[in-house]
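A.B. asks: The residues making up each chain are set out below.
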Amino acid sequence: MPATARRRGGRAAFALLPFGVLITAFLLIPTVSLLWGSFHDSRTGAFTLGNYSYLSHPLDLVPFRNSLELSLASTIVGGILGLLIAQAIVSSRRPLIQEIATTFSSVAANFAGVPLAFAFIATLGAQGLVTRQFFNVTHFDLYIDGGFKLYSVLGLTIVYAYWEIPLMVLVMLPPLQAMKASWREAAEILGASKWQYMRSVAIPILFTPVVSSLLLLYANAFGAYATAYGLTTGFVPLVPIEISNLINGDVNHDPGAADALAMGLAVIMAICIGGRVLLERRSSKWLASR
Amino acid sequence: MSGSSISGEATEEAMEALAAGAPAARAYRRTHKRSTRSPLWAIIVLVLATVYFLLPLYATGVFGFSTGKAFTLQPLFDALGDDGFHSALILSLTYSVITTILAIAVVAPTAYLVELRFQRLRSTVEFLTILPFVIPPIILAVGLSNVYGINSPVNLLSSDWAPVLLYGGYFVLTLPFVFRAIDNALRAVDVKMLSEASASLGASPTRTFLQVIVPSISLGLVSGALLAFTTAMGEFTLAALLGYPTFPVYLLNINGYEAHIGEALVLVSFLITWAGVVALAAVARRAPGTQIVRGGPM
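Protein chains in written order, with our numbering: chain B, 1 to 290; chain G, 1 to 298.
There's no promise every hint is true.
Calculated pairs, SDA-like style, for lysine to any residue (alpha carbon to alpha carbon, straight line, at most 20 Å) [to be verified]:
1) G/192 - B/10
2) B/194 - G/40
3) G/69 - B/136
4) G/192 - B/16
5) B/194 - B/15
6) G/192 - B/180
7) G/69 - B/12
8) G/192 - B/15
9) B/180 - G/38
10) G/192 - B/12
11) B/194 - B/91
12) B/194 - G/39
13) G/69 - G/55
14) G/69 - B/16
15) B/194 - B/212
16) B/180 - G/39
17) B/149 - G/37
18) G/69 - B/194
19) G/192 - B/83
20) G/69 - B/129
21) B/149 - G/256
22) B/194 - G/41
23) B/180 - G/282
24) G/69 - G/52
25) B/194 - B/177
26) B/149 - G/55
27) B/149 - B/62
To list a few chain B residues with every Cβ distance to chain G over 10 Å, as calculated [what the hints assert, rightly or not]:
28) 39
29) 44
30) 47
31) 52
32) 54
33) 57
34) 81
35) 85
36) 130
37) 141
38) 143
39) 144
40) 155
Keep in mind the hints are simulated off the structure, nothing from the lab. Ideal Cβ placement from N, Cα and C applies to all residues, glycine included.
One chain only, chain B, in its complex shape (with noise of 0.2 Å):
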């Protein structure tokens, strides 16, 4: 018996295989070259920190800076906007509203890259509806006179806000439904006031869930490239842009600094995901029972 068993498990063990070759395939030897490639010169093979030069100087470090503030306003807008629409849909008390809510965000949460860009450009580029409809009514150009540019870190956050919201969104709608209205009226009972209720029993009841969240939407906006590049064609510094003028472009074609600027950004992402991971690890028992 403990023969077939071995050979069993010896069997089962086997049909782990393809998801072990594509996962080290296509998945960690690819993420190992990065951090080989970005130590070494990409000419002559010989050991390097040059490639992470950009660390120290500071003209290289825009595309840094500008996706830290894109990522930084539009977690902060899609944050607090998502979040009060969240409490909109909960205090609504119409399911039909909650329904369509969930499924419009949604869309609007997986509606991202080209698409949204064109759709965006069809609102607000120079020649957008909204653009055009606005000067009709005031005479204010909004690019010749309010030097507005879709293409910038401002207008990229209105873009990126389109599925920042409906993704925070999603992500509170649970732990706001699962605020149960006794904690409320337990809390006014025992003589609590309002404020007094949100310090001592919805704000740290919601803190884990907010952060967990907020870590969730700074992500999303540091790594996305389809839409900024959708938006931009290139021209605004990201970091994602960067990193596919580096590989792509046919001047400034230099593999290894594109490898130490994505081990930057991965390094940006584990920050967020491992935060997110740790958070959601100790996440609050009271919203675990509904």
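Given chain B's structure and the hints, the job is docking chain G onto it.
C.D. replies: Chain G in isolation, oriented as in the chain B frame:
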């Protein structure tokens, strides 16, 4: 009980009292009848949100489907008559279907075996399925072209290998969603009991998996498949950087010289996204806990 500060234990006590239907709670409920009307601020927030979210779709519709004055479907017919559109769409559909089959066929047995026999591998496998979030498409594209690009000894971009590189990349990108969908479904049924019962009746492990486990996690497989398919259909970064002219890549190019066709196709891809979400929501209604949003960088 009157005190202006409330502590954690006090809240807990009060909650227990409420659960037990204490008189205080009953009196409270009598005087504080919950209103069934939506508060005004909630209505205002939802109306403003609706405007922000519908405006780009409306503007896209105006650009894509009007001649300046009248409504027209001509851009769609133009797209249908464009050879580039045909080949891009067929390419995207082919890649998405094969990615979906590959992902389900590989992940389902893996998740099953981890749950049944290799619990000690669980944390490793879970780590590997989260890793693609840390390595978003833009980073993966760099890594893949390092290892399998034109300057590499293993050139998977040459025509002999055709789309193998893209399938490998898409397998990685869809892994987090597919694994979670299937794993959730597996955890909802008693895999051990089903497998032992099946084995005691003489079924081989393969037969047990195909005829007992697969039917009992079918909803998880369907939602995993839908997530994989929609991810692959909309994927731009890997396809563009590795040089596969899929539908999103075509969309980027056509908008450069035929903006009307581009905007019309934007609405089409919005409808495709919508169809995917509605299908996932239908699955979610029968299997609560189904994930209907991907939530990764795109």
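A.B. asks: Taking the hints in turn, state whether each one holds.
C.D. replies: Each hint, compared with the structure:
1. Between residue 192 of chain G and residue 10 of chain B the CA atoms are separated by roughly 18 Å; this keeps the pair inside 20 Å, and the hint holds.
2. Our distance criterion of 20 Å between C-alpha atoms is met by residue 194 of chain B and residue 40 of chain G, whose separation comes to about 19 Å.
3. Taking the CA atoms of residue 69 of chain G and residue 136 of chain B, the gap is near 17 Å; set against the 20 Å cutoff, the hint holds.
4. With a C-alpha separation of about 18 Å, the suggested pair residue 192 of chain G and residue 16 of chain B falls inside the 20 Å cut-off, and the hint holds.
5. Restraint check: the Cα-Cα separation between residue 194 of chain B and residue 15 of chain B comes to about 57 Å, which exceeds 20 Å; the hinted pair is violated.
6. As the CA atoms of residue 192 of chain G and residue 180 of chain B are separated by approximately 36 Å, the hinted pair breaks the 20 Å bound.
7. For the hint linking residue 69 of chain G to residue 12 of chain B, the alpha-carbon distance of about 65 Å lies beyond 20 Å, and the restraint is violated.
8. Proximity of residue 192 of chain G to residue 15 of chain B is assessed by CA-CA distance (about 18 Å); at most 20 Å being required, the pair is judged to hold.
9. Distance hint between residue 180 of chain B and residue 38 of chain G is fulfilled; the C-alpha atoms sit about 18 Å from each other, no more than 20 Å.
10. Annotation: proposed proximity of residue 192 of chain G to residue 12 of chain B holds, straight-line Cα distance about 15 Å (limit 20 Å).
11. Distance restraint check for residue 194 of chain B and residue 91 of chain B: the Cα-Cα separation of roughly 16 Å lies within the 20 Å cut-off, and the hinted pair is therefore satisfied.
12. Between residue 194 of chain B and residue 39 of chain G the CA atoms are separated by roughly 17 Å; this keeps the pair inside 20 Å, and the hint holds.
13. This hinted pair checks out: residue 69 of chain G and residue 55 of chain G have alpha carbons roughly 19 Å apart, not beyond 20 Å.
14. Taken as a hint, the residue 69 of chain G and residue 16 of chain B pair is broken in the structure, with Cα atoms around 60 Å apart against an allowance of 20 Å.
15. Straight-line distance between C-alpha atoms of residue 194 of chain B and residue 212 of chain B comes to about 25 Å, which puts the hinted pair past the 20 Å bound.
16. For the hint linking residue 180 of chain B to residue 39 of chain G, the alpha-carbon distance of about 18 Å falls within 20 Å, and the restraint holds.
17. Distance hint between residue 149 of chain B and residue 37 of chain G is unfulfilled; the C-alpha atoms sit about 42 Å from each other, more than 20 Å.
18. Of the pairs offered as hints, the one joining residue 69 of chain G and residue 194 of chain B is violated, with about 54 Å between alpha carbons and a cut-off of 20 Å exceeded.
19. A C-alpha spacing of about 41 Å is found between residue 192 of chain G and residue 83 of chain B, which places the hinted pair above 20 Å, so the restraint is violated.
20. Straight-line distance between C-alpha atoms of residue 69 of chain G and residue 129 of chain B comes to about 14 Å, which keeps the hinted pair within the 20 Å bound.
21. Between residue 149 of chain B and residue 256 of chain G the CA atoms are separated by roughly 18 Å; this keeps the pair inside 20 Å, and the hint holds.
22. Using a Cα cut-off of 20 Å, the hinted pair residue 194 of chain B and residue 41 of chain G holds, with the two alpha carbons roughly 17 Å apart.
23. Proximity of residue 180 of chain B to residue 282 of chain G is assessed by CA-CA distance (about 27 Å); at most 20 Å being required, the pair is judged violated.
24. For the hint pairing residue 69 of chain G with residue 52 of chain G, the CA-to-CA distance comes to about 24 Å; that exceeds 20 Å, so the pair is violated.
25. For the given pair, residue 194 of chain B sits about 18 Å from residue 177 of chain B by alpha-carbon distance, which is consistent with the 20 Å threshold.
26. For the given pair, residue 149 of chain B sits about 18 Å from residue 55 of chain G by alpha-carbon distance, which is consistent with the 20 Å threshold.
27. Using a Cα cut-off of 20 Å, the hinted pair residue 149 of chain B and residue 62 of chain B holds, with the two alpha carbons roughly 18 Å apart.
28. Under the 10 Å C-beta cut-off, the non-interface status given to residue 39 of chain B relative to chain G holds; the minimum distance is some 13 Å.
29. The claim that residue 44 of chain B is not at the interface with chain G holds, since no C-beta of that chain comes within 10 Å of its own (minimum 14 Å).
30. With a least beta-carbon separation of about 17 Å from chain G, residue 47 of chain B lies farther than 10 Å from that chain, consistent with its non-interface assignment.
31. Separation of residue 52 of chain B from chain G is adequate, the least Cβ-Cβ distance of about 15 Å exceeding the 10 Å criterion.
32. The Cβ of residue 54 of chain B lies farther than 10 Å from every Cβ of chain G, with a closest approach of about 15 Å, so its non-interface assignment holds.
33. For residue 57 of chain B, the non-interface assignment is confirmed: its Cβ lies about 21 Å from the closest Cβ of chain G, beyond the 10 Å cut-off.
34. The Cβ of residue 81 of chain B does not lie farther than 10 Å from every Cβ of chain G; its closest approach is about 8 Å, which violates its non-interface assignment.
35. Look at residue 85 of chain B: its CB is around 5 Å from the nearest CB on chain G, not clear of 10 Å, so calling it non-interface is violated.
36. Not every C-beta of chain G lies more than 10 Å from that of residue 130 of chain B, the closest at about 7 Å, which undercuts listing it as non-interface.
37. The claim that residue 141 of chain B is not at the interface with chain G holds, since no C-beta of that chain comes within 10 Å of its own (minimum 17 Å).
38. Listed as outside the interface, residue 143 of chain B is consistent with that label: its C-beta sits roughly 16 Å from the nearest C-beta of chain G, beyond the 10 Å cut-off.
39. No beta-carbon of chain G comes within 10 Å of the beta-carbon of residue 144 of chain B; the shortest separation is about 20 Å.
40. No Cβ of chain G approaches the Cβ of residue 155 of chain B within 10 Å, the least distance being about 13 Å, so the stated non-interface status holds.
In summary, the structure is inconsistent with hints 5, 6, 7, 14, 15, 17, 18, 19, 23, 24, 34, 35 and 36 from the numbered list given earlier, while agreeing with the others.
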